[in-house]
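K.L.:
Letter by letter, the chains look like this.
2 protein chains.
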Amino acid sequence: MTLDKKYVLGKDVKILIVGLGMIGGSYASCLTKQGYDVSAITRSAETIEYALSRGIIARGAASPDPSLISSADLIIIALYPHTVAEWIGENQKYFKSGAVVTDVTGVKGSVVGAVQKILRDDCEFIAAHPMAGREKSGIKYSDDTIFRVANYIIVPTDKNTEEAIEICRALGETLGFARISVLSPDEHDEMIAFLSQLTHCIAVSLMCSSDDPTISRYTGDSFRDLTRIAKINDEMWSELFIANKEKLLFEMDNFLENFKALRDALEREDRDKMREMMRTSTERREAFDKK
Amino acid sequence: MTLDKKYVLGKDVKILIVGLGMIGGSYASCLTKQGYDVSAITRSAETIEYALSRGIIARGAASPDPSLISSADLIIIALYPHTVAEWIGENQKYFKSGAVVTDVTGVKGSVVGAVQKILRDDCEFIAAHPMAGREKSGIKYSDDTIFRVANYIIVPTDKNTEEAIEICRALGETLGFARISVLSPDEHDEMIAFLSQLTHCIAVSLMCSSDDPTISRYTGDSFRDLTRIAKINDEMWSELFIANKEKLLFEMDNFLENFKALRDALEREDRDKMREMMRTSTERREAFDKK
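Residue numbers (the numbering used here), protein chains in the order written: chain A, 37 to 327; chain B, 37 to 327.
Since the hints were made in silico from the structure, they are not lab data. Do not take every clue at face value.
Since the list gives no way to pick out one identical chain from another, each pair is judged satisfied if it fits inside one copy or across any two copies.
[Stated by the list, open to error] Here are the computed lysine to any residue pairs in the SDA-like style, where the Cα-Cα straight-line distance is at most 25 Å:
{"no.": "1", "residue 1": "50", "residue 2": "85"}
{"no.": "2", "residue 1": "50", "residue 2": "196"}
{"no.": "3", "residue 1": "132", "residue 2": "182"}
{"no.": "4", "residue 1": "281", "residue 2": "249"}
{"no.": "5", "residue 1": "296", "residue 2": "181"}
{"no.": "6", "residue 1": "283", "residue 2": "256"}
{"no.": "7", "residue 1": "172", "residue 2": "325"}
{"no.": "8", "residue 1": "172", "residue 2": "257"}
{"no.": "9", "residue 1": "283", "residue 2": "294"}
{"no.": "10", "residue 1": "283", "residue 2": "301"}
{"no.": "11", "residue 1": "153", "residue 2": "202"}
{"no.": "12", "residue 1": "69", "residue 2": "185"}
{"no.": "13", "residue 1": "129", "residue 2": "48"}
{"no.": "14", "residue 1": "153", "residue 2": "218"}
{"no.": "15", "residue 1": "172", "residue 2": "255"}
{"no.": "16", "residue 1": "153", "residue 2": "245"}
{"no.": "17", "residue 1": "283", "residue 2": "246"}
{"no.": "18", "residue 1": "176", "residue 2": "209"}
{"no.": "19", "residue 1": "309", "residue 2": "286"}
{"no.": "20", "residue 1": "153", "residue 2": "258"}
{"no.": "21", "residue 1": "309", "residue 2": "115"}
{"no.": "22", "residue 1": "129", "residue 2": "197"}
{"no.": "23", "residue 1": "172", "residue 2": "322"}
{"no.": "24", "residue 1": "176", "residue 2": "154"}
{"no.": "25", "residue 1": "281", "residue 2": "255"}
{"no.": "26", "residue 1": "283", "residue 2": "182"}
{"no.": "27", "residue 1": "281", "residue 2": "248"}
{"no.": "28", "residue 1": "172", "residue 2": "323"}
{"no.": "29", "residue 1": "195", "residue 2": "101"}
{"no.": "30", "residue 1": "309", "residue 2": "278"}
Given only the sequences and the hints, what does the whole structure look like? Please build it.
P.N.:
Put into structure tokens, the structure is as follows:
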């Protein structure tokens with residue numbers, strides 16, 4: 037694969053995307069538009085047909101086709117976390133020597149180690165997390181414009197080469213992400229537990245707290261904004277939560293403690309404590325506006 | 037005051053606004069623009085000067101001026117909840133006979149009863165809650181465009197006449213609110229505890245749960261949306277929370293129970309329970325999109 041001095045992905049790179057869901061489909065669409073040769077493997081023949089008919093991919097298969105796999109320089113696994121290592125274990129016998137493999141999963145600790153342990157020595161796995169999502173799943177909802185406001189996190193370990201990290205960065209740049217960062221698997225999973233998983237837990241719990249449909253009549257922006265992410269792919273997110281269980285439980289308990297502190301301050305009408313928490317939150321939230 | 041058959045506020049209605057904060061200032065600005073005669077009383081002489089110099093009010097005073105009060109047909113009290121009854125008690129001796137008094141406070145149970153109990157028999161208090169707000173307070177942040185996407189809730193009791201309710205509705209229409217509803221004080225306070233106060237408690241507690249400023253680098257839309265309301269006027273909101281203590285504690289405990297159910301399901305890796313909650317939240321949240 038060509039990687040010039042500025043670490044731009046050469047147009048001769050042959051890309052294989054495994055799993056054409058919303059994210060895999062958005063990757064495919066974006067990379068094809070930019071002139072790359074993009075193939076895909078996904079379980080549903082209907083999805084392959086859809087992607088071929090719309091020119092999202094150049095070729096595809098509904099099963100792990102050895103010739104598609106063996107011609108790829110860059111393999112992007114866009115499957116659910118628990119199937120990433122499994123798919124690689126079963127199909128790495130077809131990998132081209134020197135192939136670089138990356139992923140899109142939202143948790144890393146449980147994925148990266150497992151994959152790097154089993155992967156052939158002549159290939160390299162470099163993990164990445166595109167922090168982009170939509171409320172809907174499936175290739176029909178793919179949309180590569182979501183990357184333009186999103187973060188792309190590269191998650192290397194000490195098993196990764198500088199070159200693979202730069203290839204991964206070049207992929208993130210090609211996809212047009214707004215910001216590209218590098219974090220260790222542990223740092224990534226801590227950050228994601230607090231910023232993403234905890235907020236989804238809150239939104240889900242809040243929507244489960246009232247079964248009165250008439251309240252939507254009085255709903256303002258604050259409630260709508262807070263619960264937008266309560267529309268959630270239950271299959272994927274329950275898996276992500278369990279895959280990051282320890283860190284998410286820590287953040288949930290930490291939030292519970294703060295919420296209870298506010299609740300107890302209200303019960304005893306401790307206005308000073310309530311105001312102190314409100315001033316802390318106001319001050320901290322300001323920092324998030326400046327970015 | 038003139039109220040024609042379609043219940044439009046006649047332009048001869050003399051309006052007095054007590055308290056020129058963000059909301060009082062926005063009312064004044066909007067009503068003046070529409071040609072009404074608007075006076076104001078607020079504690080700060082500087083605020084009166086500001087409002088006069090910008091043509092937001094026709095006249096004003098930094099103390100309860102008897103001639104301003106006695107010439108008003110419609111008095112809008114835009115003070116903090118605990119001072120509404122106090123201000124009326126001290127100044128109702130100046131009220132014109134037949135004057136209609138309304139308010140803008142975000143809790144009603146503790147305000148409406150207290151005011152209606154002390155008010156002179158020849159005047160009428162009809163409560164209202166403009167569900168509009170901004171993160172900033174003070175007349176400099178007044179902005180009457182915020183009403184156009186907001187709810188206006190009229191909160192009558194059995195002490196109110198049909199005419200006063202219609203005057204209040206006409207005021208809401210004049211101000212340009214998107215939706216106008218009628219709720220009892222109890223219904224209002226229950227709705228506001230869940231939709232507004234609980235969401236602010238969640239946002240404040242969440243911001244208090246991390247003091248790591250580097251996380252803002254990775255923050256996506258979901259966290260930003262969820263914590264927008266964590267920037268909060270601590271003086272006003274702590275008062276609103278305490279004024280609605282019983283109902284807010286009920287909603288906080290109800291949310292805690294649901295959040296803990298999700299937390300415990302995660303701890304025991306009960307995927308079915310987690311997915312059930314996620315499906316419930318997804319389904320309920322859909323209803324909020326349709327409006």
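K.L.:
A separate judgement is required for each hint: does it hold in the structure or not?
P.N.:
Going down the list of hints, with the structure as the test:
In this assembly of identical chains, residue 50 and residue 85 lie within 25 Å of each other by CA distance solely inside one copy; the values are 20 Å within and 70 Å between copies. Taking the shortest Cα distances, residue 50 and residue 196 sit within 25 Å of each other inside one copy (21 Å), while across copies they are farther apart (75 Å). For the homomeric pair residue 132 and residue 182, neither the shortest alpha-carbon distance inside one copy (31 Å) nor that between copies (59 Å) is at most 25 Å. For the homomeric pair residue 281 and residue 249, the shortest alpha-carbon distance between copies (24 Å) is at most 25 Å, but the shortest distance inside one copy (32 Å) is not.
With identical chains, the CA atoms of residue 296 and residue 181 are never at most 25 Å apart, being 40 Å at best within one copy and 36 Å at best between copies. In the homo-oligomer, the alpha carbons of residue 283 and residue 256 lie at most 25 Å apart only across protomers (19 Å), although the nearest pairing inside one protomer, at 33 Å, exceeds that limit. For a Cα distance limit of 25 Å, the shortest separation of residue 172 from residue 325 across copies, 14 Å, qualifies, whereas the shortest one inside one copy, 27 Å, does not. Taking the closest pair of Cα atoms, residue 172 and residue 257 come within 25 Å of each other both inside a single copy (21 Å) and across two copies (16 Å).
With identical chains, the CA atoms of residue 283 and residue 294 are at most 25 Å apart both within one copy (17 Å) and between copies (20 Å). Taking the shortest alpha-carbon separations for residue 283 and residue 301, only the inter-copy value of 15 Å comes in at or below 25 Å, while the best intra-copy value is 27 Å. Proximity of residue 153 and residue 202 under a CA criterion of 25 Å is satisfied intra-copy only: 21 Å inside one chain copy versus 73 Å between copies. Taking the shortest Cα distances, residue 69 and residue 185 sit within 25 Å of each other inside one copy (19 Å), while across copies they are farther apart (39 Å).
For the identical chains of this complex, residue 129 and residue 48 are intra-copy neighbours only, at 23 Å inside a copy versus 86 Å across copies, given an alpha-carbon limit of 25 Å. Taking the shortest Cα distances, residue 153 and residue 218 sit within 25 Å of each other inside one copy (21 Å), while across copies they are farther apart (64 Å). Within a single copy, residue 172 and residue 255 get their C-alpha atoms as close as 23 Å, and across copies as close as 21 Å, so both meet the 25 Å cut-off. For the homomeric pair residue 153 and residue 245, neither the shortest alpha-carbon distance inside one copy (43 Å) nor that between copies (35 Å) is at most 25 Å.
For the homomeric pair residue 283 and residue 246, the shortest alpha-carbon distance between copies (14 Å) is at most 25 Å, but the shortest distance inside one copy (28 Å) is not. Taking the closest pair of Cα atoms, residue 176 and residue 209 come within 25 Å of each other only inside a single copy of the chain (24 Å); across copies the shortest separation is 42 Å, beyond that limit. Taking identical chains as interchangeable, the C-alpha atoms of residue 309 and residue 286 lie at most 25 Å apart whether they share a chain (24 Å) or sit on different chains (20 Å). In the homo-oligomer, the alpha carbons of residue 153 and residue 258 never lie at most 25 Å apart, since the shortest distance is 46 Å inside one protomer and 34 Å across protomers.
When the C-alpha separation of residue 309 and residue 115 is checked against a cutoff of 25 Å, the pair qualifies only between copies, where the shortest distance is 23 Å, while the shortest distance within a copy is 46 Å. Taking the shortest alpha-carbon separations for residue 129 and residue 197, only the intra-copy value of 22 Å comes in at or below 25 Å, while the best inter-copy value is 83 Å. In this assembly of identical chains, residue 172 and residue 322 lie within 25 Å of each other by CA distance solely across copies; the values are 12 Å between and 31 Å within a copy. In the homo-oligomer, the alpha carbons of residue 176 and residue 154 never lie at most 25 Å apart, since the shortest distance is 33 Å inside one protomer and 63 Å across protomers.
Proximity of residue 281 to residue 255 under the C-alpha cut-off of 25 Å is restricted to the inter-copy arrangement: shortest distance 21 Å between copies versus 33 Å within a copy. Proximity of residue 283 and residue 182 under a CA criterion of 25 Å is satisfied in neither setting, with 27 Å inside one chain copy and 40 Å between copies. When the C-alpha separation of residue 281 and residue 248 is checked against a cutoff of 25 Å, the pair qualifies only between copies, where the shortest distance is 21 Å, while the shortest distance within a copy is 31 Å. With identical chains, the CA atoms of residue 172 and residue 323 are at most 25 Å apart between copies only, with a shortest distance of 16 Å across copies and 31 Å within one.
Taking CA atoms no more than 25 Å apart as the test, residue 195 paired with residue 101 passes in neither setting, with 28 Å inside one copy and 78 Å between copies. For the identical chains of this complex, residue 309 and residue 278 are inter-copy neighbours only, at 12 Å across copies versus 35 Å inside a copy, given an alpha-carbon limit of 25 Å.
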